[in-house]
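My request is simple: use the sequences and hints to build the entire structure.
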Amino acid sequence: MERKDFIHPYIPNSVPEVREEMLKEVGLKSVYDVYAEIPDRLRFKGRLDLPEPIASEARLKRHVEEILKKNSTCKEYLNFLGAGCWQHHVPAVVNEIINRSEFLTAYCGANYSDVGKYHARFEFNSLMAELLDIDAVANPIYDWGDVAGRSIRMASRITGRNEALVPKTICPQRLAEIRQLCQPEEMSNAIKIRFVEFDPKTGLLDLEDLKRKISDKTAAVYFENPSYLGFIEEQGPEITALAHSAGALCVAGVDPISLGVLTPPGSFGADIICGDLQPLGINMFAGGGQSGFIAFRDEEVYIAECPLEIYSIMDTVVEGEYAFAEVRAERTSYGMRDKGKDWVGTASGLWTIGSAVYLSLMGPQGMKELGEVIVQNVRYTENLLSSLPGVKIKFKQPNFKEFLVDFNGTGKKVAEINAALLEKKIFGGKDLSGEFPEFGQTALYCVTEIHTEEDLERLYNALSEVLS
Amino acid sequence: MKGIKLRRYHAPKYDEPIIMEMGVKGQRGILVPPAEKKIAEAVGPAADILPKKAQRQTPPRLPEIDQYHVLMHFLRLSQMTLGMETGIDIGEGTCTMKYSPKVHEELIRLSQMVDVHPLQPESTLQGILQIAHELESFLKAISGMDAFTFQTGGGAHATYVNACVTRKYHEERGELGKRTEVITTQFTHPCNAATPATAGFKVIILPQKNGYPDLDALKSVVSERTAALHMTNPEDTGIFNPLVDEFTRVVHAAGGLCFYDQANANGLLGIARARDAGFDACHFNLHKTFSSPHGCEGPAAGAYGVTEKLLPYLPVPLITKEGDKYHLDYDRPRSIGKVRSFYGNLECIVKAYAWIRSMGPEGLRTVAETAILNNQYLDHLLLKIKGVSRPFAEGKPRFEQIRYSLQNLLDETGFGTHEIQNRMVDFGIQSYWLSHHPFVVPEPFTPEPCETYSKEDIEYWATAIEQACKEARENPDMIRNAPHSQAVHKIKDFNQAEDADRWAITWRAYQKKKNKR
Amino acid sequence: MKIGLIVNPVAGIGGRVGLKGSDGEEIHKMALALGALPVSPKRTITALEALREIREDLQLLTYPKEMGEEEAEAAGFKPEVLGSIVSGKTRPEDTILAAKDMAARGVELILFTGGDGTARNIYDAVADKIPVLGIPGGVKIHSGVYAANPEKAARLIIEYLKTPAGISLRAAEVMDIDEDLIRQDRVSARLYGYLTVPHRKGLNQASKAGSDPSDAVHHDGIAMEVINGMEEDTLYLLAPGTTTKAVTDKLELSGTLLGIDGVKNRALVGRDLSEEGILSLMAENTKEPCKIIVTIIGKQGYLFGRGNQQLSPSVIRKVGKENLLVIATQNKLLSLENEPILVDTGDPDLDKSFEGYIPVIIGMGKRMVYPVSR
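Residue numbers (this note's numbering), protein chains in the order written: chain A, 1 to 468; chain B, 1 to 517; chain C, 1 to 374.
Keep in mind the hints are simulated off the structure, nothing from the lab. Cβ atoms here follow ideal geometry from the backbone N, Cα and C, with glycine treated the same way. One or more hints might be untrue.
[Stated by the list, open to error] Only part of the chain A face toward chain B is listed, based on derived beta-carbon distances under 10 Å:
(1) V31
(2) C85
(3) G145
(4) D209
(5) I303
(6) G349
(7) Q365
(8) E453
(9) L467
Right under this line is the structure:
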């Protein structure tokens, strides 16, 4: 099969003379002798319908840049969007480290050749353990919704029970992922999701309703702090106690960046803690920086029921050296109603290292100061916005970094408001009128440490104009 | 191997502590912008704003280190990691460790990627939506499928999505209660058993017959209970199954769906397509075949593609085009819902896009041909080494990777694949990968010399294996005590990782257990 | 490491001169008359010589003269010699006593040379309490407690000493072959018991797809799968084996390891049943179809015909192939090294009806299809 030679910088053996040499050495006329294994009926005969190559790097870069330039950014626009992906400052040192060739290109190298990678992972575990106040941390995977679902499945396996209670205020996107993992209810091993009411004024979980709904069928009680709707769910200890009294596990979903100022769930006895690492030093990447972590008690049954990779520090034959290996506890199922282990796969390794660097830079002081400035900025913004006619802040304050703005009194729809804000180069908060129609026209605003006083004033002025 | 000189390699060795041991109280790694004066005056301190009950009482015991030393520490750790750019990584079969072009990194570090929020209005996301849409069209051409989603965060995730799509498909036909079984093969990645199980199916594994999945076995188990078939081809052994379309025919006849796990696509680009083999769905690992870097296991993307028949079930949102504008389509009533927040790891999509644009149709063909050629060459060299054998399908060629056995070496010397794996890294190359469980091939190792590697690289790699095997016979202590030139020495006792009293997953657990002993 | 060494000097003696099996004084006399030379001692020496690199680290305990002392010394060891024998007239009782003595002295492993008979003797002495490993010295061996050859036996011991994390202990079948029947060209085997044998396991470093747990974990999953699928008012006949015992253990019933038990509605309704016992139990339980839960026995992997002959052709026919639940760990199937599962019920037509494929439960919600042959 004669074709023009195609020499490419990424393919050293594309040089025809080299290919000839190699073919001669192995005694083949052509690689198509190998492809002869594929029956003719399965062979693709044509030419792939792809555009001609942009061979030079200079032109390729320009081509892609020009397409990407059609994106607008949160540098050009003032951003108040959150809802699962948040704009925080990413320290330069974090990017320096995760862009290192070694970390960027490592994969499944074994314990010795890639020991630095395992060392960094162990440090991630250790840093997170302190942040969460719990003793065991698994290797992160896709995102918060995914690990929330896995946490519930773990709880189901550990307790042998088939029901999970979640707040009605749960993030719908995460709920959708949880439902996927818990299986449609018709399936024999499905975990049933039941909802717990919330106080209409404060948004907090209705503990009386929880008491009513919890039973000996409950595997887990899951709640989020801060809530998806922004308020601080301060009843963690009570929720945990109720869960435990019924023999269920408490699964706490958290925003880790809040834990410099908010109580870590480990402190009030949460059994499994999950959340997203993206706020901890990972760029937004249009939603590509998500990473779901799970942490839990350092007890055999938890280790055994966790489907993810778990690493331990190990001794080598030389005293004082640190090496690491995967913990291989009998990954069995202890309960009578086993649901089977979930799967593990490639997910978010680089972000794990990024978060480790982030937490190392921030230290306890940094995390505290960060939490404080966010709380202060949010309070300030809430005050500003609620002074606008027809605008209220829904649910109990104070909030951590997100708050639900109620625009019902303005007579305007959030969609309109956001369109108008867009013209002023502002990304208004996420329109929740679709997700929570019972609240009417509300939007979830996110304010972090990146916002200056000027930014907040600008928002206030813009909204003033838009709403008048 | 004549003329190949193995390097006197040594990994950087720093005796680096765990970061929790480092730092001095009061040091700061980075300072956070405080609330501005006007704001602070208006609202007061955070401690007065937050409810007392919700406030953290004891600060987290994170280390307190200045910036320079945090940087130094992690840079050292990166140096203690070989990755695949400082040492050739021919050994990681099915991972397709190909070069991830640096120009791609420059592209995704543009502000138009890092500073983009996924919930921005569509009109402000046109760039990334265009790239995703075009990449979709490329993958459609390569596979013959009708649509792709990039929400899947990796290959295993894609197989899970397929199990969810399968579930929905049969649910719509009122057959979910009946169709409880998913069939896979012994050599296929274990996620093809685990993800259908997570989705609620029972799994049936077909045995292999001389390295090929057993078609008669398939015929014996296919029934009205069959929901789907999940299979890889070629399998990690490198053996291509010429009856693959017979497999899909049999399953279709029974009303099941067929999914092609294409982690091993590198040798087939432009040569054979999933659609033509009769598959209803397939996936590609963008971080394997399409050059997105592996990143210490992520971020990744397992682009999942389907035929028209399964399109309605894809997770939301779909990326569509109307005129010259791109949209996020959430109006998909029959979709399986969400498997992932937002749209997936879009930075991987950009890299895959750029790579395909750089290659074009001829380039992809050349990639596939080179992957095959490189593998024939490595095979030729490895089979000359006493102790290495290549089980199954005697006389049949392999495609882009091969599973070998060191059982003969073990029988002869008492050293097998684990010991050779420990020693090979001393020559400055990345460790090879053994195999998925179960070890059907005893004492396995599975290299994949994809198109990134030169003739010299392949010769070097084979020489390293040859040298290690030679030492197994002539210099057993060298093998027994390997590795010798890494940042750390051999792990003393792997049982430590299986004993709840001795394992330590975090530093604080380590301290607790150490004090107990 | 303290290990015991026991050599059965007459094992295998019949093989070279065409006599099958070697037990019994008559056979010994016949073999020696035909010019047979003992095989075991030579094989033992081969294995011991292959242990030379760890000789300094081994404390060898053995029995006098041809039962180990001579072989050990020939290979350069200085063993501690226990007990007493009548040289030239060793008997099975000597093997049993030797093993008991060594166990009492706290050996960590017993290395022995012999055949199925020797394995049975070792079992009688120590059951599954200490790890043991056989050096093959007999004719055809049906028990799974032997290494493939003397060198491999030595390799396993070296690894057991040097990298214990790479070794796992497995239960291996001891078969009771009726030697008289063998000489009449028919094989019939009873499952005698299980010995604990070291086995090189897979260490999977840096796996991104999970690791491979031990047999106990697999058994747990298999038992769960079987129990979750158990139907009401249905009689289940559980055949011998460690995998089937895992089911009765999980149900917290005291089933037998080596016999056929009956379970109905999660209660034990029959124990160590004979063929008649099975048939009469089946006659009492006609409401629902009876089911057999059976595993694979022996090195060669028999579904029927080794160790579970109480499941006679008439029982199997009455139950029907569709009511068979075959259970086994994936590792057991792998140990068959791509050979099919075998059936030898004694009824050739019945055997033929099994040819083809059978699903085998290998874990929770997981089955493997496997070929079956005569």
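Outcome of the hint check:
1. V31: holds (5 Å)
2. C85: holds (6 Å)
3. G145: holds (6 Å)
4. D209: violated (20 Å)
5. I303: holds (7 Å)
6. G349: This interface hint holds because 3 Å falls under the 10 Å limit.
7. Q365: Cβ of Q365/A sits 6 Å from chain B, so the hint holds.
8. E453: Interface hint status for E453/A: holds (4 Å vs cutoff 10 Å).
9. L467: violated (19 Å)
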